[in-house]
Structures are given as structure tokens and as C-alpha cells.
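Visitor: Listed below are the residues making up each chain.
2 protein chains.
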Amino acid sequence: MNGINLAIVGATGAVGRKALEILEKEDLLPIRNLKLLASDRSAGTALNFRGKDYLVEAATPESFNNIDVAIFSAGAGVSLRLAPEAVRKGAVVIDNSSAFRMKEDVPLVVPEVNPDEIRKHKGIIANPNCSTIQMVVVLKPIYDLVGIKRIVVSTYQAVSGTGIEAMEELREQTEQILTNKEIAPKVYPHQIAFNVLPHIDEFDEYGNTREELKMINETKKILNDRNIRVTATTVRVPVFIGHSEAVNVETVEKITVAEVKEILSKAPGVIVNDDPAKNCYPLPAAVAGRNEVFVGRIREDLSIENGINLWIVADNLRKGAAYNAIQIAGYMVANKLI
Amino acid sequence: MNGINLAIVGATGAVGRKALEILEKEDLLPIRNLKLLASDRSAGTALNFRGKDYLVEAATPESFNNIDVAIFSAGAGVSLRLAPEAVRKGAVVIDNSSAFRMKEDVPLVVPEVNPDEIRKHKGIIANPNCSTIQMVVVLKPIYDLVGIKRIVVSTYQAVSGTGIEAMEELREQTEQILTNKEIAPKVYPHQIAFNVLPHIDEFDEYGNTREELKMINETKKILNDRNIRVTATTVRVPVFIGHSEAVNVETVEKITVAEVKEILSKAPGVIVNDDPAKNCYPLPAAVAGRNEVFVGRIREDLSIENGINLWIVADNLRKGAAYNAIQIAGYMVANKLI
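Heads up: the protein sequence lines correspond to chains A and B, in order. full-length UniProt numbering puts the first residue of the first sequence at 1, with every later residue one more than the last. full-length UniProt numbering puts the first residue of the second sequence at 1, with every later residue one more than the last.
The set of hints was computed from the structure by calculation and includes no laboratory data. Just to be clear, a hint being listed does not mean it is correct.
Same chains, same names: a pair is fine if it fits in one copy or spans any two.
As the list claims (entries may be wrong) - No more than 25 Å apart at the CA atoms, straight line, and that leaves these computed lysine-lysine pairs for DSS-like:
hint	residue 1	residue 2
1	K120	K336
2	K25	K35
3	K35	K103
4	K186	K278
5	K52	K186
6	K25	K254
7	K266	K278
8	K336	K25
9	K149	K254
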């Protein structure tokens, strides 16, 4: 096949634009035809890709005629409505939303962790939540070696996870506060500049956010182990790009810090940045623009017998969303699954 | 006694200035004479207190003649050098630095938690680390009711914990980044604006920061229980005032979320702010200027049998430092210990 016909749904959003940027600069997917789709509101926008202007079209069921792969990044509502239509037209959907992630017959895939699941798809392959992806990329080699009993994770998540309008709100609010002007939060319920919000996505009746439940449930599904225990507190911080996570892991069998460093230094998609004496540890502002997951502050947790602390950082728009989706498509092309 | 003779060492710093602000606005201590002390560099600065200008003097051993209480907030070096001198001159030292906290004969006091320790002092009473204080104020009632086995805490700490120069660096760097100018970190080893740094205080050979070790060791000392297991990851965030903490607690006996809310709503110095359906949870930008410790996002952690998640926020310059020290002095006055 001489390249694929690719559709990007939500092309004008933060993840859609990042996907175009990655596809333009990195030779990850052979593209024959590119179709850019968005809501009615964004239709008509012109986006440049490899020197050519593409007019963004309003996404309809007919948009998916002759499409091989459709990457959806337009929210769960759009995915629920249009992904089944795209599949009906013969496309494979790689969906960045939460719409299908926990469906039993939808593979939830991080290519470094469970690539074989890709082959089991019935039209839709789900891209996990950004905060889950970067955590499981690092935990997988540890899980394989010594097993994981429990994870306690606290996140420090960038506003780009919410979207472009949230990035604008952070910038605008920051300027307003520095110049003693009144602020009027719109995207977030509270001030995000110079503040942290322990609130990502909606709350359930027990006081957990859906973001926290995603980390719990998706981790179990991706590592294919219902017995792993996970608890999460997800927090929005005034950072533009790059999610950080303080991850406390209780392993089944003992693993030393030296062993963790060794297996992670060989792990696919992982970069160990851990030299505290030289002030080296992963930082969101430093990893923005990178496709890998960065880990540092690898320490023994002496409060339990088999405890390890990790600090995990990744570009949430890349490995947490667009790059992971492109990796899945690339795997399908490389393995002639399309 | 017609008021006390009070000295503030480090009067020009973030905590010293906050102590003056609190003493001026709130009737917490009867002050007969006030002496403001600082380093040679800051000596000569004039600070206004209740309408009168005070000239800041360079701190020397002689500064403590006729002083009843000296609140030290000038770093461990100054405390190590001058606190014993102040005690020799007859003053009681309330020390905000880490210099004496773990000494066996120095009480480490949070008035809501272990006020009786104040009576055991031999001249020096240590004020705990800011991140420890706010955590133990909330954990104490839980500890008393059901015991605590293990704590996993991740922090989101404001730059004012470092000092005034760090607050200026955050402001300046933020402006520089928003206007696409070069930044040159001075106070922190990396960019702090729109970034998070998993690095507070120095690293030990095992990769823990001293801030993390403080949270572990001071919690055990204040709750007077060597068997509590604690692990911590302490992180600096681009917030001016207000430390936040995601605290995961494993209790010895079962406690329900309703019970936690009930005992905390009656706990001294604690305000429960927990109504997620109305977007109510503690935020650092909202608690700045308050003396209490705020707790919300009280949830059961289903990953273990007796697990509770808490989100704890306080003004690190107030309850985390100046206010706690003033509370200790106030307790001594009220109980005629001075």
C-alpha cells in the first residue's frame, strides 16, 4: 500500500494540532491523503501541513468514506456519535477520548506496554488517558519483573490537558494577576494562575474525580491485572505542557533502586533522568516537545517492605495523546494490519 | 506581668514580616517592648509596627538582654549561633529553623497537637517544618481515634517557603516567559514559573530531600509515635503562598469518611471545606492570609482496607511558620510559663 488515508477529527484542538506537528516533522506514518475534520464551529479553518493548506471540514458520517485510519481527539461526545460511523465506513478509529476505553471489546493500548492488543480491535482502538499512559510506560518493566501490589499516585497536570482555551486562560489570568487586574475564571471553576486545583473532570458521589477513576481502571486494564490496587489524587497546576506524577509503588517481590534504574534505562520509550546531586530530575518545562516518558527521583520507600518512589514526567499532548495515537497507527502499518 | 519583651530575629524576611503583620492585626500576644533583629546586611531597615517605626538591629548575643521571648526565623545557621546565646541571657527561643527540631531535649510543638510539650523546654522550643505542621494538625484527631499505620504524602509547596527572593524570582520569571525573554534562575536551580520542581532542600545519598526527611521524622516526633510509617515526595509549584498536600493515610482501625468529616469539623485549628458537587475544596490562593488549616477531598481509598485520602492546604507563612510560633508564645503567656 502506498500510504494510508488519514483523518484527524478535532484537528483544530490542542491534540489535533500536536498530531499534525508530529506527523509533519517525524517520519512516523506514510500518509497518502490527509483529511482534517472538526466541529461545525471550526470548519473552514485552514491548517498547513507539509507546505500545503488544508481546509478543515465539518465532521459528518460521510467524512469517513475511503479513510483507513481516523484519529479522534474531539471529546467523548463526538467520538460516541461519529466513531461507530467511521468504523461502518471501513476506517480504524484510534480514539483519544474516554468514550470507549473501558468497553470490553475495545483494546486500550500503549504500544510500549500492550501492543498485541492492537490486533484484537473490532474497529476502535482506545488511547488511554494522558496521566495513565506515562505511568504505565514506566511501571510495565517493574510489573513484569517483580509484580505490583499497590500504587499511590498524585499528579501535577498541565492545563493543555484541558485544551487550548485553558492554555489561554492560564496566560491571560497570569498577566491579570501580575498587573493587579480582576480575574474571571471561565474554563476552570477557580483561579488557575499561581494556584493548584485538586479537581480534574467531574466528581462522582464518593468524591473521586473521573480523572482519578480513569487512572485506577485504565491501569488495571492496560497491565491486564485486576488485582493491582490503585489510588489517585489528580491535581491541575499552572504549567502549560507536561504532566508530572509522584508515584509510590508497592511491589510484590523486592526490587532495589539499582535494579529499577537498570531495567528502566533499557525500557522502550523511557528516559531515566536521575542525578539529584547535579540537580537532574525530570521537569515538565524541560520535557515539553519530547515523545518519551521521563523518570527520576527513583528512591526506596522505607515505610513498607517493598516500596519504590518514582517521579514521572511526560509531554501530555505527545506521549499522553497525539504521539501515542500515531504510534498505534504506525504499528498497524508496520505490521500490515491496515 | 505587663506584657513581654519580644525579639524577632529575621524580621525583614518573609516569616519575620508575617509575624509582625499577625501581631499587629490580631491580639495574640501582649507586647511590652519589641526588638527587631536581622543580619548585618538588613540592619538599618525601618519597619513600622502599630504606627511606630522600628529600626532593625544587627543580631548579636547582646541583643537578647532583657528579652523574654525570641522568635527566630533567619535560617538554621543563625539559630545555631545565636539561639543558645539568647537562652543564656534568659530568653525563651521559639525557633522556626530546622536547627534544633530533632534534638531530644527540644520540644517540637504544634499547639493544636502537643501543647504540653511546651512545658518541657530547656530554653528552646522548635517550630516544625511548614509542610509537617499543616499535616499533623489534620491527622492528630484521626490518630487519636483510630491510630495511623502509614502516610504517603505528596506536596505542592509555594515559593514563599523559600523566602522573599523566591517570590520575586517567580514574579520576574513569569513576566519574562510571558514576554518571550530569556530567564536566568538564581534562587532555584531551574525555571520555577510554569514548571514544578521535585526538589526542596538538599538531597541525601539515598535520593531523599531533607524536606522529605523532615516530614517523616517530625511527624513521628510530634505525634510521639516511632511506629508511624511515612513516605513523602515534596515538590515546589509556582504558587506564591499556600502549601497543598495530597495525603494518603492507612489507619490502624477502620474509620469512615463521615466519621473523619465529623471529627475534623470539631478539631481545633481545622476548617473542613469539602463539597465537591459545588466545586468546594481548599485552594492555596484562597487560604493565603488565613491562620487555620483547611482540609477537603476527604475520600475513602479503596486500594487498602483502612484507607483515607485527604487534601490539606494552609498558609505556609502563617500556620506553617509565624502563626504557629506566636501561638506557642501565646500559650506560654496564657499559662504563665514566662
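Visitor: Given identical chains, is K25 near K254, meaning Cα to Cα at most 25 Å, within a copy, between copies, both, or neither?
Guide: Neither, since 42 Å and 55 Å both go past 25 Å.
Visitor: My question is about K149 and K254: at a cut-off of 25 Å on alpha-carbon distance, are they close within one copy, between copies, both, or neither?
Guide: both (11 Å within a copy, 21 Å between copies)
Visitor: Using 25 Å as the alpha carbon limit, work out where K266 and K278 are close: within a copy, between copies, both or neither.
Guide: within (22 Å within a copy, 46 Å between copies)
Visitor: With identical chains treated as interchangeable, where does the CA-CA distance between K186 and K278 reach 25 Å or less: within a copy, between copies, both, or neither?
Guide: Answer is between; shortest inter-copy Cα gap is 15 Å, intra-copy 41 Å.
Visitor: At 25 Å max between alpha carbons, let me know whether K35 reaches K103 within a copy, between copies, both or neither.
Guide: Cα proximity of K35 and K103: none, with 27 Å in one copy and 69 Å across.
Visitor: Given identical chains, is K120 near K336, meaning Cα to Cα at most 25 Å, within a copy, between copies, both, or neither?
Guide: Close inside one copy (14 Å), not across copies (76 Å); limit 25 Å.
Visitor: Given a CA cutoff of 25 Å, do K52 and K186 count as a within-copy pair, a between-copy pair, both, or neither?
Guide: Intra 35 Å, inter 44 Å, cutoff 25 Å: neither.
Visitor: From the Cα coordinates, with 25 Å as the cut-off, is the pair K25 and K35 best called within, between, both, or neither?
Guide: Within one copy, since 18 Å is at most 25 Å while 64 Å is not.
Visitor: Have a look at K336 and K25 and pick one of within, between, both or neither, based on CA distance no larger than 25 Å.
Guide: Close inside one copy (23 Å), not across copies (73 Å); limit 25 Å.
Hints 3, 5 and 6 from the earlier list are contradicted by this structure; the remaining hints agree with it.
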